[in-house]
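Visitor: Just need the whole structure built from these sequences, with the hints factored in.
Those protein sequence lines, which keep their order, are chains G and W. Anchor point for the first sequence: position 290 equals 290 in the numbering used here, and the numbering is continuous, going up by one each time. Anchor point for the second sequence: position 41 equals 41 in the numbering used here, and the numbering is continuous, going up by one each time.
These aren't lab readings, by the way, just hints derived from the structure by calculation. Check each hint, because a few of them may be wrong.
SDA-like cross-link-like pairs, simulated, lysine to any residue; straight-line CA separation at most 20 Å [claimed, not checked]: (1) W:K136 x G:P190; (2) G:K200 x W:D122; (3) G:K202 x W:D122; (4) G:K200 x W:R123; (5) G:K159 x W:E134.
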Amino acid sequence: MKDLISITDLSVDELESLIKKAMDIIDNPDEYAEKCKRKKLATLFYEPSTRTRLSFEAAMLELGGSILGFSEANSSSASKGESVSDTAKTISCYADIIAMRHPKEGAPMVAAGAASIPVINAGDGGHNHPTQTLTDLLTIYRERGRLSNLKIGFCGDLKFGRTVHSLIEAMCRYEGNSFVLISPDELKIPGYLRAGVLDKNKIPYLETDNWDNMPELDILYMTRVQRERFFNEADYLRLKDVFILTADKLMSAKDELVIMHPLPRVNEIERAVDEDERACYFEQVRNGKYMRMALILMLLGIE
Amino acid sequence: MTIDSIKNGIVLDHITSGKSMEIYRILELSKLDCSVAIIKNAVSRRGGRKDIIKIDSEIDINLDVLGYIDPGITVNIVRDGQICQKRQLELPERVSGVIKCKNPRCITSIEQELSHVFELSDRENGIYRCVYCETKAEHEI
Ligand SMILES: [Zn+2]
Numbered sequence: 001m002k003d004l005i006s007i008t009d010l011s012v013d014e015l016e017s018l019i020k021k022a023m024d025i026i027d028n029p030d031e032y033a034e035k036c037k038r039k040k041l042a043t044l045f046y047e048p049s050t051r052t053r054l055s056f057e058a059a060m061l062e063l064g065g066s067i068l069g070f071s072e073a074n075s076s077s078a079s080k081g082e083s084v085s086d087t088a089k090t091i092s093c094y095a096d097i098i099a100m101r102h103p104k105e106g107a108p109m110v111a112a113g114a115a116s117i118p119v120i121n122a123g124d125g126g127h128n129h130p131t132q133t134l135t136d137l138l139t140i141y142r143e144r145g146r147l148s149n150l151k152i153g154f155c156g157d158l159k160f161g162r163t164v165h166s167l168i169e170a171m172c173r174y175e176g177n178s179f180v181l182i183s184p185d186e187l188k189i190p191g192y193l194r195a196g197v198l199d200k201n202k203i204p205y206l207e208t209d210n211w212d213n214m215p216e217l218d219i220l221y222m223t224r225v226q227r228e229r230f231f232n233e234a235d236y237l238r239l240k241d242v243f244i245l246t247a248d249k250l251m252s253a254k255d256e257l258v259i260m261h262p263l264p265r266v267n268e269i270e271r272a273v274d275e276d277e278r279a280c281y282f283e284q285v286r287n288g289k290y291m292r293m294a295l296i297l298m299l300l301g302i303e
Numbered sequence: 001m002t003i004d005s006i007k008n009g010i011v012l013d014h015i016t017s018g019k020s021m022e023i024y025r026i027l028e029l030s031k032l033d034c035s036v037a038i039i040k041n042a043v044s045r046r047g048g049r050k051d052i053i054k055i056d057s058e059i060d061i062n063l064d065v066l067g068y069i070d071p072g073i074t075v076n077i078v079r080d081g082q083i084c085q086k087r088q089l090e091l092p093e094r095v096s097g098v099i100k101c102k103n104p105r106c107i108t109s110i111e112q113e114l115s116h117v118f119e120l121s122d123r124e125n126g127i128y129r130c131v132y133c134e135t136k137a138e139h140e141i
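Guide: Written out as structure tokens, the structure is:
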């Protein structure tokens, strides 16, 4: 595999070896400190996403490599100037690997077709964000020691949240998982996911608008209701506060529940929850760096 | 009704009744110098009605495009008055430059030189998706 454009580019075996690699990096950081010496990562961010960019840059620096790149202040400039293909060809002359974020869906795929070096999709609009899914998988694996036989709750924007869709798809590949999908009616999972993935593979799931199933959950994945996914401000304002996680609601949850969130959050997780031992969303950020380190090594063909 | 048989050329048989004009337009048959016959509403031996197009010259046809528009077509190549090759079309795995992606968030919406490529994602239901953004193709050309 040369590039990572979509999480489905990875087989279950490849996912497993990435997770193993990340675990080894966590246990033996010194052994990896110079693995990418004299290698350069180009971060091409056609829209700002400071968190994702810093995670990629921290990953490369921790492997002893260096970084170059740009981050556009606003997405409109992506439509001016050089084509994505030409930029990818040019950058191939300077760097060893590219991480690309772009507001338009499919842009990293276009870049991968033109570049002679590996391209990692660091998010293309609301379409794919495979390194977030890798991060989520590592977090689940580290916290629960397995990726199978788990009951996973998703809460918030399940309609537009691509992170949710690709994590559901990824978890469906492991045995014995089931889902509780908590959202308002307007933000339920899209039909293709319900019919094409859950129903098709006979995966048990429940769609609900309340917290009654909290006691059964092994994982609770919270999401932000994003303003930019709405055409109308009134709908956004009405729905954004509906599903907020509070310390109160967690009273009935399992002791070993793992609370996750792709961050940044707005107000969907009450600050008091941060003190709860079950809150793993900042640990998730750290896992993101390790997973990106493992991915960079794999794509560069470095052991 | 009879129309002169062709000696060397192509017969597109079993066109879905009513689709011949669309195919005439998309294959740009109006630009040909040779004669072209369109037969509409012919009685099909398989039952029902069909359209037929006869082209009096062995032109290059993009069979993927044709298969996408109407996968039931049989393409007959005629040489010296005999059918020398018969080909049953099917939905192509991939079509390039035929369907336009209408997703405003797709990279093809801002990069004009990119060709619009769609892949068959569900043969049973004839569903095509944009290779860049995975948006479903709407069935009109
Ligand atoms: Zn598209």
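Visitor: Now tell me, hint by hint, if it's right for this structure.
Guide: Checked hints:
1. Proposed proximity of K136 of chain W and P190 of chain G is supported: the alpha carbons are some 14 Å apart, at most 20 Å.
2. For the hint pairing K200 of chain G with D122 of chain W, the CA-to-CA distance comes to about 13 Å; that is within 20 Å, so the pair holds.
3. Distance check on the hinted pair: K202 of chain G and D122 of chain W sit about 19 Å apart at the alpha-carbon level, within 20 Å; holds.
4. Our distance criterion of 20 Å between C-alpha atoms is met by K200 of chain G and R123 of chain W, whose separation comes to about 16 Å.
5. A threshold of 20 Å between alpha carbons decides the hint, and for K159 of chain G with E134 of chain W the separation of about 16 Å falls inside it, so the pair holds.
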